[in-house]
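Protein chains in written order, with the numbering used here: chain A, 1 to 314; chain B, 315 to 489.
I should point out that these hints are in silico values taken from the structure, not numbers from a laboratory. Heads up, a few of these hints could be off.
[Stated by the list, open to error] DSS-like, lysine-lysine: derived pairs with alpha carbons at most 27 angstroms apart:
1) Lys62/A with Lys431/B
2) Lys431/B with Lys37/A
3) Lys334/B with Lys43/A
4) Lys37/A with Lys473/B
5) Lys62/A with Lys334/B
6) Lys234/A with Lys481/B
7) Lys22/A with Lys456/B
8) Lys257/A with Lys456/B
[Unchecked claim] Listed next, the stretches of chain B that the computed footprint assigns to chain A, with coverage defined by at least 3 CB atoms under 8 angstroms from CB atoms of chain A:
9) 330-339
10) 358-369
11) 409-416
12) 430-436
13) 478-489
[Stated by the list, open to error] The calculated label-pair distances, taken between Cβ atoms and stated as ranges, are:
14) Val227/A with Thr384/B: 48 to 58 angstroms
15) Ser20/A with Lys322/B: 29 to 39 angstroms
16) Gln311/A with Lys438/B: 36 to 46 angstroms
17) Thr205/A with Ile437/B: 44 to 54 angstroms
18) Ala285/A with Ile437/B: 47 to 57 angstroms
19) Lys383/B with Val227/A: 45 to 55 angstroms
20) His381/B with Thr60/A: 38 to 48 angstroms
21) Asp232/A with Lys383/B: 36 to 46 angstroms
22) Ala36/A with Ile331/B: 43 to 53 angstroms
23) Glu40/A with Lys438/B: 14 to 24 angstroms
All C-beta atoms, glycine included, are put in the ideal place defined by N, C-alpha and C.
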Amino acid sequence: MDDFNIHIFETYLAGQLSESDKLEFESRLISDQAFAKDFESFKILQAGIRLQAMQNRLATLKANINKDADKDDVIKPILKRNYWTWSLVSILVLSVLGYVIYTQTLPVSKQSNVKQDQVINLDSLDQKASSKGQQSETLPAVDSAGTFNKVIKPKISLEKSGITKPQKQIKKNEIIADEKGKKITRSDVMVLYSAIMRDDGSENTAYSKAVELYRDSAYKEALDIIVDNVDDEKSQYLTAHCYLLLGQSDKATSMFKSFIENDFSSFHEPSKWYYVLALYSGLPATKSELIKAIELVKDNPEYQKKLKKIQEDI
Amino acid sequence: MDWIERIKSDPDKTLTILYKDLKNDTIQWIKKEFSLQSEDADEIFQTSIVLLYDNVVSGKLTLLTSHIKTYIFSIIKNKIIQLNRAKNRISSYDATEIMLGVIDEEYQEIAQEDLIKANSSLIKLGEPCKSLLELSYYQQMKLDDITLLLGYKNNDTTKNLKYKCMKRLQKIFFE
Chain A
1 MDDFNIHIFE TYLAGQLSES DKLEFESRLI SDQAFAKDFE SFKILQAGIR LQAMQNRLAT
61 LKANINKDAD KDDVIKPILK RNYWTWSLVS ILVLSVLGYV IYTQTLPVSK QSNVKQDQVI
121 NLDSLDQKAS SKGQQSETLP AVDSAGTFNK VIKPKISLEK SGITKPQKQI KKNEIIADEK
181 GKKITRSDVM VLYSAIMRDD GSENTAYSKA VELYRDSAYK EALDIIVDNV DDEKSQYLTA
241 HCYLLLGQSD KATSMFKSFI ENDFSSFHEP SKWYYVLALY SGLPATKSEL IKAIELVKDN
301 PEYQKKLKKI QEDI
Chain B
315 MDWIERIKSD PDKTLTILYK DLKNDTIQWI KKEFSLQSED ADEIFQTSIV LLYDNVVSGK
375 LTLLTSHIKT YIFSIIKNKI IQLNRAKNRI SSYDATEIML GVIDEEYQEI AQEDLIKANS
435 SLIKLGEPCK SLLELSYYQQ MKLDDITLLL GYKNNDTTKN LKYKCMKRLQ KIFFE
């Protein structure tokens, strides 16, 4: 099946061929067996795509139903169990509110036992006012949900996941992946493809946890979580980066290479540079492969400076 | 926005809402009408929602002339039960078999074994080809939209990849 045939098949099935082209197409189906076989397989594959899409849709529907059912299971019993507690709390809160409103609306003379002719100490009022001001300034910034989440969320999610935050393994400019000490630093590799760094961690998945750990330089722990996610491309990409940063250049090399070989992959392009880095860290054994790999990125202005250094080392 | 537009614009949410809203009535009706257990009735109901979606995506359903519930009831009655009766197998209900039956009705010249083989070839093909082909051939999405959605460089890249994917799928199919 070549590109032209695919185009003709699509156009014919969409009913977009002119009357004469349609006749020509149909007569070719009779006279050209290979063409007819291609067309048959094209129709079968289209029907297969439809079946697959329907199955996916059903799976998604089932997942959504189960997700909602889980939510109901969690929320309803809690509300039901605590019905009386909630009622009591509500009554208490309303009573307190009522009392506060009542006392606030009382005439000043009834609010305190202060006599009208009592001398007011201005200094003490100033002190009270200033201490109130100080208090508000020292309050944590909990008024902004965004700030709160930003500060608290990573800690909570790590604790929830049961993973203790590990010690940083590699300092920013510490040299990694080379026993002679002239190769890659962490900062060289920190600029990651957007799929990893843009992950907001909102999904409670192994991948999100791994991204958090990766950001905390806990590559080994991140690796443990995602290394088996072989069907998830972004997990595999993150795995390759973890290997690279852990100094396991051979594994990183083969993983980045597989992304490069798959031109359908979302990580096809960014893997080229990291493939070069992985090979660089495997020098001198990888020298000839590295020279070939440099060809993949040599025209990219982004890497010119670093490439120059690598070429010097070769 | 009517149901058809809602299904087109947000199928995940709309189909789940439909399921929840119509679940009790429909399952009761199936159980009563066809003397089935709740589990089978639920499976049939879920499948009928997917068939509704399929009818919208394929352009067979462009305008609802009756209530959506009536339409779903008619899917259940006319397609699923009819298909199973034809096979003399009222006792077991498997969603994939029901879907195969529906597709089989439309593509009578395609053998079911070939269809199953094509389906498993797609699974072997994997991502992103699977999504790309589904968007193009099933959802009939325009190249512009696919390019935007999947983040490809331009329409030519998307088109070339689609052809590559289709050829790769054919290769797997004939292996």
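Quick rundown of the hints versus the structure:
no.: 1; hint: Lys62/A with Lys431/B; in the structure: 24 angstroms, holds
no.: 2; hint: Lys431/B with Lys37/A; in the structure: 16 angstroms, holds
no.: 3; hint: Lys334/B with Lys43/A; in the structure: 35 angstroms, violated
no.: 4; hint: Lys37/A with Lys473/B; in the structure: 23 angstroms, holds
no.: 5; hint: Lys62/A with Lys334/B; in the structure: 12 angstroms, holds
no.: 6; hint: Lys234/A with Lys481/B; in the structure: 25 angstroms, holds
no.: 7; hint: Lys22/A with Lys456/B; in the structure: 23 angstroms, holds
no.: 8; hint: Lys257/A with Lys456/B; in the structure: 32 angstroms, violated
no.: 9; hint: 330-339; in the structure: holds (count 3)
no.: 10; hint: 358-369; in the structure: holds (count 7)
no.: 11; hint: 409-416; in the structure: holds (count 4)
no.: 12; hint: 430-436; in the structure: holds (count 5)
no.: 13; hint: 478-489; in the structure: holds (count 8)
no.: 14; hint: Val227/A with Thr384/B: 48 to 58 angstroms; in the structure: 52 angstroms, holds
no.: 15; hint: Ser20/A with Lys322/B: 29 to 39 angstroms; in the structure: 35 angstroms, holds
no.: 16; hint: Gln311/A with Lys438/B: 36 to 46 angstroms; in the structure: 41 angstroms, holds
no.: 17; hint: Thr205/A with Ile437/B: 44 to 54 angstroms; in the structure: 22 angstroms, violated
no.: 18; hint: Ala285/A with Ile437/B: 47 to 57 angstroms; in the structure: 38 angstroms, violated
no.: 19; hint: Lys383/B with Val227/A: 45 to 55 angstroms; in the structure: 48 angstroms, holds
no.: 20; hint: His381/B with Thr60/A: 38 to 48 angstroms; in the structure: 25 angstroms, violated
no.: 21; hint: Asp232/A with Lys383/B: 36 to 46 angstroms; in the structure: 39 angstroms, holds
no.: 22; hint: Ala36/A with Ile331/B: 43 to 53 angstroms; in the structure: 45 angstroms, holds
no.: 23; hint: Glu40/A with Lys438/B: 14 to 24 angstroms; in the structure: 20 angstroms, holds
In summary, the structure is inconsistent with hints 3, 8, 17, 18 and 20 from the numbered list given earlier, while agreeing with the others.
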